[in-house]
Each structure stands twice: as structure tokens, then as C-alpha cells.
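Enquirer: The lines below spell out each chain.
Protein chains: 2
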Amino acid sequence: MATDDDKKDMCSTVHVHNPHLDALKDDILYHFNLGTSTHDLQAMFGDVKFVCVGGSPRRMKLFIEYIAGELSFEDQKSEFPNICAGTDRYAMYKVGPVLSVSHGMGIPSISIMLHELIKLLHHAQCTDVTIMRIGTSGGLGLEPGTVVVTKESVDASFLPKFEQVILGKTVVRSTDLDQCLADELLQCSKDLGLFDTVIGKTMCTMDFYEGQARLDGAFCSYSEKDKQEYLAKAYQSGVRNIEMESSVFAAMCKLSGLRAAVVCVTLLDRHKGDQLTSSHEVLHNYQQRPQILVAHFIKKMLNASGQS
Amino acid sequence: MATDDDKKDMCSTVHVHNPHLDALKDDILYHFNLGTSTHDLQAMFGDVKFVCVGGSPRRMKLFIEYIAGELSFEDQKSEFPNICAGTDRYAMYKVGPVLSVSHGMGIPSISIMLHELIKLLHHAQCTDVTIMRIGTSGGLGLEPGTVVVTKESVDASFLPKFEQVILGKTVVRSTDLDQCLADELLQCSKDLGLFDTVIGKTMCTMDFYEGQARLDGAFCSYSEKDKQEYLAKAYQSGVRNIEMESSVFAAMCKLSGLRAAVVCVTLLDRHKGDQLTSSHEVLHNYQQRPQILVAHFIKKMLNASGQS
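Order-wise, the sequence lines are chains Z and E.
138 is the number that this note's numbering gives to position 90 of the first sequence; each next residue is one higher, with no gaps.
258 is the number that this note's numbering gives to position 210 of the second sequence; each next residue is one higher, with no gaps.
Take the hints with a grain of salt, since some may be wrong.
Each pair may be met inside one copy or between any two copies, as identical chains are not told apart.
[What the hints assert, rightly or not] Pairs of lysine-lysine residues, derived as DSS-like cross-links and limited to a Cα-Cα distance of at most 30 Å, are as follows:
{"id": "1", "residue 1": "Lys275", "residue 2": "Lys109"}
{"id": "2", "residue 1": "Lys302", "residue 2": "Lys217"}
{"id": "3", "residue 1": "Lys73", "residue 2": "Lys320"}
{"id": "4", "residue 1": "Lys348", "residue 2": "Lys302"}
{"id": "5", "residue 1": "Lys347", "residue 2": "Lys281"}
{"id": "6", "residue 1": "Lys275", "residue 2": "Lys209"}
{"id": "7", "residue 1": "Lys109", "residue 2": "Lys199"}
{"id": "8", "residue 1": "Lys238", "residue 2": "Lys217"}
{"id": "9", "residue 1": "Lys142", "residue 2": "Lys302"}
{"id": "10", "residue 1": "Lys209", "residue 2": "Lys199"}
{"id": "11", "residue 1": "Lys347", "residue 2": "Lys320"}
{"id": "12", "residue 1": "Lys73", "residue 2": "Lys281"}
{"id": "13", "residue 1": "Lys209", "residue 2": "Lys73"}
{"id": "14", "residue 1": "Lys273", "residue 2": "Lys238"}
{"id": "15", "residue 1": "Lys73", "residue 2": "Lys142"}
{"id": "16", "residue 1": "Lys209", "residue 2": "Lys273"}
{"id": "17", "residue 1": "Lys275", "residue 2": "Lys73"}
{"id": "18", "residue 1": "Lys348", "residue 2": "Lys320"}
{"id": "19", "residue 1": "Lys281", "residue 2": "Lys348"}
{"id": "20", "residue 1": "Lys217", "residue 2": "Lys320"}
{"id": "21", "residue 1": "Lys217", "residue 2": "Lys199"}
{"id": "22", "residue 1": "Lys109", "residue 2": "Lys73"}
{"id": "23", "residue 1": "Lys273", "residue 2": "Lys142"}
{"id": "24", "residue 1": "Lys348", "residue 2": "Lys217"}
{"id": "25", "residue 1": "Lys217", "residue 2": "Lys273"}
{"id": "26", "residue 1": "Lys109", "residue 2": "Lys142"}
{"id": "27", "residue 1": "Lys302", "residue 2": "Lys275"}
{"id": "28", "residue 1": "Lys273", "residue 2": "Lys302"}
{"id": "29", "residue 1": "Lys281", "residue 2": "Lys109"}
{"id": "30", "residue 1": "Lys320", "residue 2": "Lys281"}
No lab work stands behind these hints, which were simulated from the structure alone.
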């Protein structure tokens, strides 16, 4: 008969790659306002199987309320306290096996959060964790509101790599994502039949304005023609949407053995404009789509494993 | 006699470098939830002379309350509504000629904010604006709590440049800051005599853990010796503190003609450790120091111009 330890060996754990961590008496997850000596991380987070992350703290609170209702784990009107209330760097909410965490905007902001999240999941001895970024993006050649599940995250030169500077030297990391998970999410969208979802490459940039060839920033040294040519090249290379976090998200999740997906709705078609002129209601509706898709996927997984 | 237009010509305005902006009927500052057709930006912001920015929205709210009391512009107990309440990307507060804006963590996050802030100040026809980043940082060879006024922002190779990717190509921008302003801020610290302030180079990195040679991230492929050698090289090149926003802040402010300074307190000496083990009270006290220094400077400037 399999013991608990045997079972753990068969499961996929969350890897840290840092020999120095064992020497730490206490590990302070500063930007979460959590720590190994102040919190029982295993008791708090040991049952986490799904982590959903997104830029906006408000959106991640709405997501936990939404999925709590969908999973019928708790009364939909329950209060979900912010687990990181002691800091305003990130917000974190939990219901059952689902953790919802905000990450701010851009690669450095999500990278700080992921370092501390990966350590948190490691300290909590979580197993078989799936992590999904649910976000917003600019689309290329897609009807606004279309959801893109990322096949591969590419940089501003359309190459599938993330450059991490360590001790002043650049290290190149792979931005591979889990293709089976992407296919499962696409199937979930077909099951739902509520909105269009495609699988495509996602371009991850360091800047929202000049970095994404927008014409409406404080600075712009190129023409509309230059912009369109650049976006056309991106489209030809398979890019279907543009955002600012997917490359480091893919790289760090791969290093730590987390099954990862990026699911972003497109708020506009960048071939046709730069500014978000849709009404608040329309944009709000679009922003719910990655949540609906991912919630459906989580429900399906929990039903299949008999946990819901 | 000088007309109002003549006077405006003698003042320093906020430059945008974007010929496309004039063609926009409405300019939506999406991440502020403000726009030229929905808000009278000149009426709301035309009198702004000082902009203070920092990572944390809570800290920037505390700052506006603090400076309101210092300037006696309003009852210290007044409520200061968040001007960007319609979004949770950034928070913005105003009292008299002082604007306080949060920018999140990292270069991409502050860069989005600065694009929209520069356009806001331009649309509002503000003149003679001084902008100061008041933040936290890791120190090198300094007693924790020491404030560093940045002489020059350098990258992870200790070079004074910011690399902006535009249409997939890298453009190098200068990270010069206003040396007279830095000297004036140092003098303010001497006037106050409350804490140590130094002028030094600030290293701006893309990552808090591996990017700053920390040993306590989820990943670490180098030794304590490698870390110390890297930090020693940084110190030898004149670096006195490390943070994550100064380079793009310096570059964008220079391009737009804003008089700019970076004033960050050091929360720890990175030669001696990586984790923030000081008590909440001590860290809170440290975080107030850039606010106290900058508030003193603003008061001095307003007194000199007879506006307070």
C-alpha cells in the first residue's frame, strides 16, 4: 500500500533552485507580508492546486468571489479577506484549492511576486499546482473581446526568450508554456461557447507606449506606417496579442516545475488603434472572459478528480 | 508690460515629443481613468508645481496628508480623495501645488505612469514643474536609514544609460538628473539635521532577487562570494543604493524637460544581508525620511517664492 510519502513522491512539487534557502532560519516574503516564522504556510496554503494571477488587485478580488460562487465552496456572499492586507504591494485571496494573487504591471513587478509565490508554494509543500495568468492585452487581427491562450511568449523581436540579468550578465531563459494545458483551455472555451478563443503567440514588452508601437504616448519618434509595418511583422510571426508579463511568467514557472498558462483577453485590435475607446461596460465584460474560461477549467478538473 | 503669453514663454513647460497627439480628438489617460474630453485637466492640475511619486499607493496617500499639514494649505484632517479612484492601477492625490502619485514596482510600471503624467502636465499647461521620486532601496556601505539623493542612475553594469526598445530596436537614453536640485536637497537634509543624507549613484535593476544579487530568491545560481564581489564592484563605481525605477524616471523626465530628483531611503546594507529583518516600526520610520526631506524642500521653495 502506498504511504503518504510515496504518494508525495509521485506528485509534482514546486521547485526552488537555491541552495542558500535552507540556511535561512526564517524566510520573510516581504512583499506579501508573510514569513515562515510568523505564519504556518503549510496550514494556510498546503491545499492550493490552482493559482490565478492578474495585474489588478480589484480584479483578483472579483475573481475569488466569482470562483467561490462557481465552485459552491462557500456562500457567494462570504467575505474574502486580503491575505496580504499588511502591505499594498500585492493582494492575495483564497477559496478552497484556488489562490488569486495580483501582480501589478510589467516584468519586474510580476517577477518579485513570482519569486515569493514560488517560495510560498514550496514552503507550504504544495503539489500538482497549475498556475494561470488571467489578464488583458492588445490584440492583432482579432475582434476585440477575443481571448488568446498563449502558445509561446516572444520578445519585441518575436523571439521566444526571456533575458534575465544576473550579477550584471545576461542569462537567456526559455519561455515555453504547457501545450496540453493550452489545448485544454481552448477546449473549455468550446464547451462554453460564450466567446471566441484562439491559441497564438503573445508578445511581451517592457513598455506600453513606445514598446508596443503606440502613437499616443508622451514620446513618439515613428510614423503610423512604421507602426503598422512593425505590427504586421509581429502578426506574420504568429503574434496574436501583446502584453507585459508573459515572458518572465513562463520562464519562472518552467524553472519551478509549475504547469502554466497565459489567458488574456484582447481589449482592442492594435492594427486599428491605440486608445481604449470602448465603454467601461464593454471593457468590464471583456475582462471577465479569462475569469470565466479559467473558472470553467478549474471546475472541470475538480469534477474529474472528484473534489467538487 | 509682459503679457500672460510672454510670461508663459519665460517659464519652463512640460514637453511631449509626439506629433501624433495633436490629431487626437480626445486623449484618454487610461491608467489614470482621466481624459481630455471627460476632465478639465487645466482646471484640475494647472497649478501643479511639485510632483512626488513613489511605489506604494498607501505611502503616497500618507505623503499628501503629511505635506498638507506641513504647508498648512488645508486642515490636516481633511480627506484627500484619490483622483484616480476609477482605476486601481495608480493612486493620485493633490493639495495646492503638490501632486502625489503612486507608480507600482519596476521600470515598466513607472514608465506607463510617467507617459500619462507627462501628457497630463502638458494638457494642463503646467509650468516650472519639479518632480521627485521618494522611494525605498537597498543600500551599499551605508547605515540603514540613510537617505540617498541620486547623482546618476546606472544599470546593472554600472553604466549611466537606459535602454528603451522601440519597434524592436534598442535606443539608448541618458539618465542625467538635475545636479542643482540634488545639491539643494542635500542642503535641506543639513538644515533639518534629522538623519544622514548622501549624494551617490543609484543602480536601477529589472529584478529584486537575482537582478540585485540576493541569495534569498526562488532561484539563485551564485555564491555568497560572487554576490559580495558584484556588490563591491558596484560600490567601487560609486553606487550607494539599488532600486528598480530611477533609470527610466531620469530618462523620461529629461526628455520632457522636468527638473527631477530621486530620493530613496536605504532599508538595509546589502553587504550585510538580503532580507528586511528590521521591525515594522523601524522600517516605517525610515520610509518617512524621503517624505520629510522633500516636504522641507517644497516648503522652502514656496516660502522663497512667497506662495506659502
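Enquirer: Which numbered hints turn out to be false for this structure?
Expert: 1, 5, 8, 11, 13, 14, 18, 19, 22, 23, 24 and 29
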